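Chains as they are written, first to last, in this note's numbering: chain A, 10 to 368; chain B, 3 to 567; chain C, 534 to 793.
Just so you know, these hints were derived from the structure itself, not from any lab.
Some hints could be false.
Below, in silico cross-link-like pairs of lysine-lysine (DSS-like), each with a Cα-Cα straight-line distance of 25 Å or less [claimed, not checked]:
| hint | chain 1 | residue 1 | chain 2 | residue 2 |
| --- | --- | --- | --- | --- |
| 1 | A | LYS145 | A | LYS211 |
| 2 | A | LYS64 | B | LYS434 |
| 3 | A | LYS123 | A | LYS143 |
| 4 | C | LYS636 | B | LYS37 |
For each label pair, taking beta carbons as the anchor points, the in silico distance ranges come out as [said to hold, decoys possible]:
| hint | chain 1 | residue 1 | chain 2 | residue 2 | range |
| --- | --- | --- | --- | --- | --- |
| 5 | A | GLY261 | B | VAL472 | 40 to 48 Å |
| 6 | B | THR294 | A | PHE43 | 48 to 56 Å |
| 7 | C | SER668 | A | TYR101 | 22 to 30 Å |
| 8 | A | VAL94 | B | LEU34 | 55 to 63 Å |
| 9 | A | GLU209 | B | VAL472 | 28 to 36 Å |
Source: prediction; values computed, not measured.
A virtual CB, placed ideally from N, CA and C, is assigned to each residue, including glycine.
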Amino acid sequence: MNNSWYIPLFPEQASTFAWQVDALYAYLVAISIFFTVLVVGVIAVFFVQYRERVKFAIPEQIEGSTMLEAIWSIIPFVISITIFVGGAIVYYDQYRLPTEGMEVYVVGKQWMWKIQHATGQREINELHIPVGQKIKLTMTTEDVLHDFSIPAFRTKADVVPGRYTYLWFEPTQVGKYHLFCQEYCGLNHSGMGGYVYVMEQKDFDNWLSGNTANQTPAEAGKDLFVNKLGCASCHGAEGKGGRGATLVGIFGKPQKMVSGQTIVADESYIRESILNPQANIVEGYQPIMPTFKGQVTEDQLVQLVAYIKSLGGTAAGSTPTSAGSSPTQTSPNTQGSKNFGNAGSNGASPNGSTPGRMN
Amino acid sequence: MQENLVINNTQNLPVYPKLNYLNNGHTVSSWLLTKDHKRIAILYLLSVSVFFMLGGIYAGLIRLELLTPKGDLVESGTYNKLFTHHGILMIFFFLIPSIPAVLGNFLIPIMIGAKDLAFPRINLLSWYLYIAGASFTLWALIQGGVDTGWTFYTPYSTTFSNTYVIATGLGIFINGFSSILTGLNFIVTIHTMRAPGMTWFRLPLFVWAHYATSLVMVLGTPVLAITLLLLVVERVGRVGIFDPALGGDPILFQHLFWFYSHPAVYIMVLPGMGVVSELIANFSRKRIFGYTFIAFSSIAIAVFGFLVWGHHMFASGQSPYAGLVFSFLSMVVAVPSAIKVFNWTATLYKGSISYDTPMLYGLFFIGLFLIGGLTGLFLGAMGLDVHLTDTYFVVAHFHYVMVGGAVLAYLGGLHYWWPKMFGRMYSEFWSKLSAMIIFIGFNLTFFPQFILGYMGMPRRYHAYPEEFQVFNIFSTAGASVLAVGLFLPLFYLTYSLIRGKAAGDNPWLLPGLEWRTTSPPPTENFIETPIVTWEAYEFGEESGLYDEETHHKSEVKPVSLFDQN
Amino acid sequence: MAAHIEVHDAHGHIHHPALQHHFDNMEQQKEAVSIGMWFFLVQEIMFFGGMFLVYLLFRSKFPMAFAVGSNHLNMWLGLLNTIVLIVSSLTMAMAVWSAQTSKRNLQIIFIIATMFLGSVFLGVKAYEYYDKYESNLIPFSNTFRWEPEGEHLIEERKMIDEHAAPNSVEREMVANNYYQFGNKVRIFFWIYFAMTGLHALHMIIGLGIMLWLLYGAIRNRFSSEYYAPVEISGLYWHFVDIVWIFLFPLLYLLGRHFLE
Numbered sequence: 010m011n012n013s014w015y016i017p018l019f020p021e022q023a024s025t026f027a028w029q030v031d032a033l034y035a036y037l038v039a040i041s042i043f044f045t046v047l048v049v050g051v052i053a054v055f056f057v058q059y060r061e062r063v064k065f066a067i068p069e070q071i072e073g074s075t076m077l078e079a080i081w082s083i084i085p086f087v088i089s090i091t092i093f094v095g096g097a098i099v100y101y102d103q104y105r106l107p108t109e110g111m112e113v114y115v116v117g118k119q120w121m122w123k124i125q126h127a128t129g130q131r132e133i134n135e136l137h138i139p140v141g142q143k144i145k146l147t148m149t150t151e152d153v154l155h156d157f158s159i160p161a162f163r164t165k166a167d168v169v170p171g172r173y174t175y176l177w178f179e180p181t182q183v184g185k186y187h188l189f190c191q192e193y194c195g196l197n198h199s200g201m202g203g204y205v206y207v208m209e210q211k212d213f214d215n216w217l218s219g220n221t222a223n224q225t226p227a228e229a230g231k232d233l234f235v236n237k238l239g240c241a242s243c244h245g246a247e248g249k250g251g252r253g254a255t256l257v258g259i260f261g262k263p264q265k266m267v268s269g270q271t272i273v274a275d276e277s278y279i280r281e282s283i284l285n286p287q288a289n290i291v292e293g294y295q296p297i298m299p300t301f302k303g304q305v306t307e308d309q310l311v312q313l314v315a316y317i318k319s320l321g322g323t324a325a326g327s328t329p330t331s332a333g334s335s336p337t338q339t340s341p342n343t344q345g346s347k348n349f350g351n352a353g354s355n356g357a358s359p360n361g362s363t364p365g366r367m368n
Numbered sequence: 003m004q005e006n007l008v009i010n011n012t013q014n015l016p017v018y019p020k021l022n023y024l025n026n027g028h029t030v031s032s033w034l035l036t037k038d039h040k041r042i043a044i045l046y047l048l049s050v051s052v053f054f055m056l057g058g059i060y061a062g063l064i065r066l067e068l069l070t071p072k073g074d075l076v077e078s079g080t081y082n083k084l085f086t087h088h089g090i091l092m093i094f095f096f097l098i099p100s101i102p103a104v105l106g107n108f109l110i111p112i113m114i115g116a117k118d119l120a121f122p123r124i125n126l127l128s129w130y131l132y133i134a135g136a137s138f139t140l141w142a143l144i145q146g147g148v149d150t151g152w153t154f155y156t157p158y159s160t161t162f163s164n165t166y167v168i169a170t171g172l173g174i175f176i177n178g179f180s181s182i183l184t185g186l187n188f189i190v191t192i193h194t195m196r197a198p199g200m201t202w203f204r205l206p207l208f209v210w211a212h213y214a215t216s217l218v219m220v221l222g223t224p225v226l227a228i229t230l231l232l233l234v235v236e237r238v239g240r241v242g243i244f245d246p247a248l249g250g251d252p253i254l255f256q257h258l259f260w261f262y263s264h265p266a267v268y269i270m271v272l273p274g275m276g277v278v279s280e281l282i283a284n285f286s287r288k289r290i291f292g293y294t295f296i297a298f299s300s301i302a303i304a305v306f307g308f309l310v311w312g313h314h315m316f317a318s319g320q321s322p323y324a325g326l327v328f329s330f331l332s333m334v335v336a337v338p339s340a341i342k343v344f345n346w347t348a349t350l351y352k353g354s355i356s357y358d359t360p361m362l363y364g365l366f367f368i369g370l371f372l373i374g375g376l377t378g379l380f381l382g383a384m385g386l387d388v389h390l391t392d393t394y395f396v397v398a399h400f401h402y403v404m405v406g407g408a409v410l411a412y413l414g415g416l417h418y419w420w421p422k423m424f425g426r427m428y429s430e431f432w433s434k435l436s437a438m439i440i441f442i443g444f445n446l447t448f449f450p451q452f453i454l455g456y457m458g459m460p461r462r463y464h465a466y467p468e469e470f471q472v473f474n475i476f477s478t479a480g481a482s483v484l485a486v487g488l489f490l491p492l493f494y495l496t497y498s499l500i501r502g503k504a505a506g507d508n509p510w511l512l513p514g515l516e517w518r519t520t521s522p523p524p525t526e527n528f529i530e531t532p533i534v535t536w537e538a539y540e541f542g543e544e545s546g547l548y549d550e551e552t553h554h555k556s557e558v559k560p561v562s563l564f565d566q567n
Numbered sequence: 534m535a536a537h538i539e540v541h542d543a544h545g546h547i548h549h550p551a552l553q554h555h556f557d558n559m560e561q562q563k564e565a566v567s568i569g570m571w572f573f574l575v576q577e578i579m580f581f582g583g584m585f586l587v588y589l590l591f592r593s594k595f596p597m598a599f600a601v602g603s604n605h606l607n608m609w610l611g612l613l614n615t616i617v618l619i620v621s622s623l624t625m626a627m628a629v630w631s632a633q634t635s636k637r638n639l640q641i642i643f644i645i646a647t648m649f650l651g652s653v654f655l656g657v658k659a660y661e662y663y664d665k666y667e668s669n670l671i672p673f674s675n676t677f678r679w680e681p682e683g684e685h686l687i688e689e690r691k692m693i694d695e696h697a698a699p700n701s702v703e704r705e706m707v708a709n710n711y712y713q714f715g716n717k718v719r720i721f722f723w724i725y726f727a728m729t730g731l732h733a734l735h736m737i738i739g740l741g742i743m744l745w746l747l748y749g750a751i752r753n754r755f756s757s758e759y760y761a762p763v764e765i766s767g768l769y770w771h772f773v774d775i776v777w778i779f780l781f782p783l784l785y786l787l788g789r790h791f792l793e
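Here chain A stands alone, though its shape is the one from the complex (with noise of 0.2 Å):
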């Protein structure tokens, strides 16, 4: 949609109060328009009119008039009351949860956000909905403050350690969303964000029964690590490390650990340390990683695995780091490829190291 010359001022309308909040943006920018243009006009024409003919003249004083700063108080006040009462009206919309509606929970960790399905299914800076349903978030946090946004639906709320915050919307069209973190929570706090995708109630029952990818298990490995599980949040966007351990070069190498005993990073060493990450913690590294138990299935596991094998750079086949392996990008979306004609990042950019950055 978005052609190369058009420059987009506004985020898509994608949810029930994205028009009633543009109303309301509009009608504030009339109202910032129309007093700018005054006040700006009228000191434009005094700075000409009035401009000093003779040095240091004296003109005729005025004191003030008790009228006009009375009409001048007054209907800046009635102004900014409709103001309030409009704010008021959208927020209470959005604040007062439906009764009932699709539920999802939400945990937000450094940077990661955790979604889980009412169904039991779990995805990781990614969000899988319905169309014209009222979804429902049930949002806490593992750590820090963060903030679940996303600008199309117009909404957002913090998310808050120790209590549970709650957000609901209703997408009105289907596509692709960007997903934020708005509340600084730290280094990666950029990273900490993905889409939602906004799908066919068909499907998102699909979506809901598993996934179909036509990729090479190395190519959904990426996918996954970088995109759906968030991985490179820690590790990096090619795997080079990061407050997690480098996984470049590390398949079939012995790995010293903080125990003092060394493994040799072969499959199995791998699946471990995603599924039980506290067994075994590499040298220099400190044991933060959360378990992915239950969050990835078998044939996720055997993609990742098969991932950080491409990325041993030894054995034959590419280094999956540059423009090499990136056009995939834009497939492996499955769903949510289909709605994939805007300038997401992903797309647009050649260059290896972009779906790494902006998941």
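With chain A fixed as given, assemble chains B and C onto it according to the hints.
Relative to the frame of chain A, chains B and C by itself:
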């Protein structure tokens, strides 16, 4: 002492004393141990300029990083430190002290006809506290910096950040006392030190604005102090006032923090409004329109400013009923600001407006503050704020108020009183050029950010989706223009100190008390205590400025206005 | 005329020796210092106000933990300190009066009495702190240890049952807090130490001011013409006393009976 005063008997006028506050002592200790409010103001001028430059460098790096969507210039940890340092330095060590401690310090005693502030030693202590706090913070930043954002939200700041939160917090804590003591000094000075005849309603509006500001400083800053103290002890001692894992409440921190930090916005912008009232009235050569309304609107802003902190927290999980009250009161605060803007505009009507540099800044201020204020309404409307909060819309909004408002007013004030402070005139060409560049650069930098914000670009993002890049390019381009504009004054103002032509005591022939003493003023400000018989902004014949016959003035008659017995 | 014009810092020689150069006369100077002190006290109210807000919030959040914590404080020592401070306010007022009536010796006696009472207060406070240290109740130390005592927890459990709806998130969270009872008591002690510590700091500063007053009184600086320093120091001292008058019931008394 007599040789300092030359009596020119032929005109029966005392001519400028040879001794003024600048040449009254040249030793280092005559500056570092001075109790003269004017010298302390100069000390502040130098120190806030340093922090403005440092903060500006950080801003430049932020804009460079955001030129491209990828986080490719610096690491994300470094970026987080950049915006944190930028915020902390600019807010606590530049904006809050800038106008009050430099211009207010220099001018309030002169404007009310006093010899000094009520507590000169406390005034010097304020500067030392500022330097101590600033050094402490600077040391923390050099050691490794801090990455919590200037807001220090818990529990990130108490538990998760492994940067120098404690040292930075203590630096700001110490600096807070500088602010409190400055406010206290101003309040007492304005209450008790006014010259004979200088009634409350003859005070220049600059003084009224500082009175309101001082109230906020004295009432608000202690709450920030106690909040930072709690934060620091929580970090050191692992007790959980704010940490939910230990039974604390992270939202409490936000309440306490914004209880100070929202009024702090008024600490930054109210003095700016005071400066602009001076500029608009004096360069239109008219009594300001609606003097009492402007004076009381400052007080109203200071008072209501304390009741609106919750509008920072509409999306934070606070009670929606509290939100309603805060939203309503935020709308109420808009009214006194609107009153000021309309009165300034009306003052121009039938004036005799000159285009000097300070006036340019004054007019730019009105336009930019207007946009900053109106966009504040967007953020005060709850339903809209939910979408806009923590996006670039907020960033643009407060930069319009802080830079477009407070910084432009500071620069305008500095240009306006520069000849009084140093007795020298700067280059009219370069100063106008720089004002224009700043205005254009500023709008180019920050206007695109409104659009970015509405599109949903979150603030404090090191990397962002590509569809946001176009406006970020505009913004970065604007920032480089703005940087050029802000660097120019450094050169031409410094140059004016060396080569600038003498300004004379009253270069613009204005009636305020500060223009009725010499330039630069003597240490005790006036040869003798003035007796005020005229109203504020009195341009009529009462002011004694004008020749009765020609009705406009050709010769400057400074101190002679006072009865010589 | 010109002979009187002085452009640099100097004291006008025809005035009272205590008049600072930038004031016109003694009334102006006295007015300035007393307005200054009043606004300073307003600032102090805001400073302590933040702490009182924190106290109120957590007290309403964790009433039982606060009752438990409060029972670890020694009410009789608190009462003793309250009486000591009230008497010290009286002696301070007498010191101001003797300055106003130019009675040098009485002034010295009352200032010393005030200092003595202030020191007694701090001594008692130090003993109380030491006692908390002995019982491992220093909240910001790793050795903090509060052993739950059965009946208190039963009370807490009862409160959960009464107030939280079954199966609610609220209940879950309250129940969660139940296991963190020790942490809540720790918060009580942290607030106790923060508030009384800040108060004690103000007392110590007060004693410093008294020392300075004593020096001035011995050198006979204060008289019916010039007593502003004594007066504003008195204001400060009374303010610090009043803060204690609030702290004592809030920390020592409120909530005691909950458990008895």
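Hints versus structure:
For the hint pairing A:LYS145 with A:LYS211, the CA-to-CA distance comes to about 20 Å; that is within 25 Å, so the pair holds. Distance restraint check for A:LYS64 and B:LYS434: the Cα-Cα separation of roughly 19 Å lies within the 25 Å cut-off, and the hinted pair is therefore satisfied. The suggested pairing of A:LYS123 with A:LYS143 holds, with an alpha-carbon distance near 20 Å, which does not exceed 25 Å. A hinted pair counts as satisfied when its Cα atoms are at most 25 Å apart, and C:LYS636 with B:LYS37 does not qualify at roughly 34 Å.
Judged by the Cβ atoms, the range 40 to 48 Å given for A:GLY261 and B:VAL472 holds: they are separated by roughly 46 Å. Between B:THR294 and A:PHE43, the C-beta spacing of about 28 Å breaks the proposed range 48 to 56 Å. Look at C:SER668 against A:TYR101: about 52 Å separates their beta carbons, and that is not inside 22 to 30 Å. Separation of A:VAL94 from B:LEU34 is about 57 Å and conforms to the stated range, judged on CB atoms against 55 to 63 Å.
The hinted window of 28 to 36 Å between A:GLU209 and B:VAL472 holds, with their beta carbons roughly 32 Å apart.
Hint compliance for this structure: hints 4, 6, 7 are broken, all remaining hints hold.
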